[in-house]
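Next come the chains, spelled out residue by residue.
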Amino acid sequence: MINFKLNGKDTSVDVADDMPVLWVIRDVLGMTGTKFGCGVGLCGACTIHVDGEPLRSCIAQAADIAGANITTIEAIGETPSGQAVQEAWLHLEVVQCGYCQSGQIMSAAALIAAVPEPSDTDIDEGMSGNICRCGTYVRVREAIKEAAKSAAAKRAE
Amino acid sequence: MTKLLETRLSKLSRRAFLKAGAAAGGGFMIGWVPHAAKAGGDAVFAPDAFIRLDSTGKVAVVMPVIEMGQGTYTSLPMVIAEEMDLDMGNVTFEHSPAGNAYGNPMLGGVQITGGSNSIRGFYMPFRQAGATARRMLMTAAAQELGVEEGTLTTEPGFVVHVRSGRKTPYGELAQAASALSVPAGVALKDPSTFRIIGNSVKRLDTAKKVNGAAKFGIDVQIPGMKVAVVAASPVFGGTLTSVDEASALQVAGVRQIAKLGNAVAVIADHYWAARQGLDAAAPEFDDGPHASVSTADIVAALAKASEKQGAVAKSEGDAASVLAASSRKAEATYEQPFLAHATMEPINCTVHVKPDSCDIWVGTQVQGRAQAIAAEALGMQPEQVTIHNHLLGGGFGRRLEVDFIQQAALIARQSPDPVKVVWSREEDIQHDMYRPYYYDRISAALGEDDMPAAWTHRIVGSSIVARYFPDFMKDGVDPDAVDGAAENVYGIKNFFVDYVREEPPGIPTAFWRGVGPTRNIFVIESFLDELAALAGKDPIAYRRALLAGNSRALGVIDKAAEMSDWGTPLGPHRGRGVSFQHVFGTFMAQVAEVTVSERGEVHVDRVLAAVDCGLPINPDTIEAQLQSGIIFGITAVLHGEITLQDGRVEQSNFHDYEILRIDKSPKIEVAVIQSSEAPGGIGEPGTSGIIPAVANAVFAATGVRGRKLPFKAEDLRSR
Numbered sequence: 001m002i003n004f005k006l007n008g009k010d011t012s013v014d015v016a017d018d019m020p021v022l023w024v025i026r027d028v029l030g031m032t033g034t035k036f037g038c039g040v041g042l043c044g045a046c047t048i049h050v051d052g053e054p055l056r057s058c059i060a061q062a063a064d065i066a067g068a069n070i071t072t073i074e075a076i077g078e079t080p081s082g083q084a085v086q087e088a089w090l091h092l093e094v095v096q097c098g099y100c101q102s103g104q105i106m107s108a109a110a111l112i113a114a115v116p117e118p119s120d121t122d123i124d125e126g127m128s129g130n131i132c133r134c135g136t137y138v139r140v141r142e143a144i145k146e147a148a149k150s151a152a153a154k155r156a157e
Numbered sequence: 001m002t003k004l005l006e007t008r009l010s011k012l013s014r015r016a017f018l019k020a021g022a023a024a025g026g027g028f029m030i031g032w033v034p035h036a037a038k039a040g041g042d043a044v045f046a047p048d049a050f051i052r053l054d055s056t057g058k059v060a061v062v063m064p065v066i067e068m069g070q071g072t073y074t075s076l077p078m079v080i081a082e083e084m085d086l087d088m089g090n091v092t093f094e095h096s097p098a099g100n101a102y103g104n105p106m107l108g109g110v111q112i113t114g115g116s117n118s119i120r121g122f123y124m125p126f127r128q129a130g131a132t133a134r135r136m137l138m139t140a141a142a143q144e145l146g147v148e149e150g151t152l153t154t155e156p157g158f159v160v161h162v163r164s165g166r167k168t169p170y171g172e173l174a175q176a177a178s179a180l181s182v183p184a185g186v187a188l189k190d191p192s193t194f195r196i197i198g199n200s201v202k203r204l205d206t207a208k209k210v211n212g213a214a215k216f217g218i219d220v221q222i223p224g225m226k227v228a229v230v231a232a233s234p235v236f237g238g239t240l241t242s243v244d245e246a247s248a249l250q251v252a253g254v255r256q257i258a259k260l261g262n263a264v265a266v267i268a269d270h271y272w273a274a275r276q277g278l279d280a281a282a283p284e285f286d287d288g289p290h291a292s293v294s295t296a297d298i299v300a301a302l303a304k305a306s307e308k309q310g311a312v313a314k315s316e317g318d319a320a321s322v323l324a325a326s327s328r329k330a331e332a333t334y335e336q337p338f339l340a341h342a343t344m345e346p347i348n349c350t351v352h353v354k355p356d357s358c359d360i361w362v363g364t365q366v367q368g369r370a371q372a373i374a375a376e377a378l379g380m381q382p383e384q385v386t387i388h389n390h391l392l393g394g395g396f397g398r399r400l401e402v403d404f405i406q407q408a409a410l411i412a413r414q415s416p417d418p419v420k421v422v423w424s425r426e427e428d429i430q431h432d433m434y435r436p437y438y439y440d441r442i443s444a445a446l447g448e449d450d451m452p453a454a455w456t457h458r459i460v461g462s463s464i465v466a467r468y469f470p471d472f473m474k475d476g477v478d479p480d481a482v483d484g485a486a487e488n489v490y491g492i493k494n495f496f497v498d499y500v501r502e503e504p505p506g507i508p509t510a511f512w513r514g515v516g517p518t519r520n521i522f523v524i525e526s527f528l529d530e531l532a533a534l535a536g537k538d539p540i541a542y543r544r545a546l547l548a549g550n551s552r553a554l555g556v557i558d559k560a561a562e563m564s565d566w567g568t569p570l571g572p573h574r575g576r577g578v579s580f581q582h583v584f585g586t587f588m589a590q591v592a593e594v595t596v597s598e599r600g601e602v603h604v605d606r607v608l609a610a611v612d613c614g615l616p617i618n619p620d621t622i623e624a625q626l627q628s629g630i631i632f633g634i635t636a637v638l639h640g641e642i643t644l645q646d647g648r649v650e651q652s653n654f655h656d657y658e659i660l661r662i663d664k665s666p667k668i669e670v671a672v673i674q675s676s677e678a679p680g681g682i683g684e685p686g687t688s689g690i691i692p693a694v695a696n697a698v699f700a701a702t703g704v705r706g707r708k709l710p711f712k713a714e715d716l717r718s719r
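Line by line, the protein sequences give chains A and B.
Read in order, the letters of the first sequence are residues 1 to 157 in our numbering.
Read in order, the letters of the second sequence are residues 1 to 719 in our numbering.
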């Protein structure tokens, strides 16, 4: 059994140690917000947070998350940065097909949590691991800046 | 956490953060019987195939087309809401089932989402549907209140008795309206009174896409469902010869091996077990007749075919004689590679075959075709197959194809359980149905006025239409293959376009975002730039002179020129390029600004796009679709290329089939021209316009004319 916290809840799974975390989340636990895109850590669609850090769940193994705090797209809105990102995403209509957006949002939330006022270079570095085939990048960039500002304003309150 | 884990996580997350391997109206309504359906206990007013009003006043629009990012699940409901007089907050959507009632009038009544035809096909029918529903609610209200219908009007969600001000909510009229017959010829609104169309309305599909709740085909979960992973013959046309079933079945979680003629599927409790089972199965294949196919041979065959006369798509004047007699002429060959679609949602399809019926959960652009192929595969009647459509994690033409639905049906019929077939990314890249390699020969002669006096264009390549829509072939001409090339938009006096069909052996070909125009506009707009250079003219002035009198064309060109400060200096290694097009019913001009490094790497810095797509429905979506199409096209110019060797596709995942990322993405500005003309398509023209704009900008920056996609750094290096 591998034990960890998933979106704040104690969770146990009986899976092989080397099973990718992506499939633990999607196929064993049945939470489908985290997406399969490439299987080799190239596209970012499967991004989750492990103890607040972004991780490509398709190349992380189940044994690696034993004891960790996992957050997925389903609960990222409960964090201040995640909430700010989701609001900016909707306000600026970032989303098109939406398939990659779980991963984009998870990366963006981690970015503004780590870098409260991200520059364009920070955004390039934090987000270039996430592919969007619909090409929503122009709005991703704007929305990250907006989310960072609103998160900062909330902290100041 | 263990030390090992900490190391692994910190390594992974650093990588994740820094790059994560990044470096690395018409007849279509016939047959519909109005009724008061029961849904969740609520009376539902369903005057046609599209509108479902429940007793609480909510309207679900049954969408004839599928949402794949293009915003159609908002823009088409806006059209109904406009005429029916609804608050957009009370409007939702449902996916349509397979059915003739959902055919697109622009596409011969076929149920299909593609070719930037959704607004063009359904704008008028949806206005009519909305207006008709509103009238029926007013008739129902007149009967209930015992007043003349002429004393009633509506405000969003209510029928209003003008004199008394009494309001009746639509929901309370649903039952009564259901008993009425559907009137014909109901008058439409005066467009000058539109209050929804033309305003940027928030998308109806996105709230669930930011919190993981949206369901794509790959997210389907059916009780008892198993997951299958597939390996098809690496060579197209090959056959399965052996499978190590015993080893595969030893993998924990593997349940069954399903063999097909050209592929094997391992069915398991979850993807990971299936994946490991497939590795253990170590399938072997007979490569079949296409074992030696290579890109080089295919291109050689296309070049040879280009010497042949083609089927004539357009002939005006006598281009051949004018060219022969001219001393000022240019000729060129343009080449465009095979391309994969690489939708972010990997190919998948879930099928449950029962003795007398079959359910299919999938994201498809063609519900009817999906139903038909599955029925054929299973020996059933189409009515026995139910298609449950889903949001598409990208379409781009890939989900116009049903190869994977047929495959999933053939796998699932071997299992008592529902089976979700999921392709790996490698399977997706190596078993796509590809945009074909195209080979174009083009020539022109300049007259004394420096303008093209004669133009010939021969287009050589695979015909997708001959396979997909054989009835649309006309005297050997594939209308898609010549779309955007045969219209003579520049009004050249002696003009000739022909098409030579040449199929690559064994390679399945398919539509790709922008379809014919994406290939043709690159060739035409690049070559027109060559002619402007030959004539010593400015590329925009040259186009303006040719388009004199075409006010919509000049409108977009002048706007793009203004936005880009056309003519101002840009500095070393930089250049500007323009494109103009009138395709998909939409006029567009784009200016791209690029920087080409000394090593030959192209960076697109900025794109300025002006679009006149007729009456804009949802302007924010128009802007978004241009941003999207432009980035999609830049990927094609800079990266997109599928190659074959020994019958096998050489690329396999995003490391060698690269997609533009945010760090290489340009700034994009879009201007939407106000217009009251019929609405045009918007999902694809951004892609067709950007490719030549970048090519022409690279020429301006380097003096090198790129006639073969994608552009390679070694060809653009400073010498």
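The hints are simulated quantities; they were obtained by calculation from the structure and are not laboratory data.
The beta carbon of each residue, even a glycine, is placed where N, CA and C say it ideally should be.
Possibly wrong hints are sitting among the right ones.
Where chain A lies over chain B, by a calculated footprint (3+ residues, C-beta under 8 Å) [to be verified]:
#	stretch
1	204-210
2	336-347
3	637-643
Enumerated hints in conflict with the structure, sorted upward | 3
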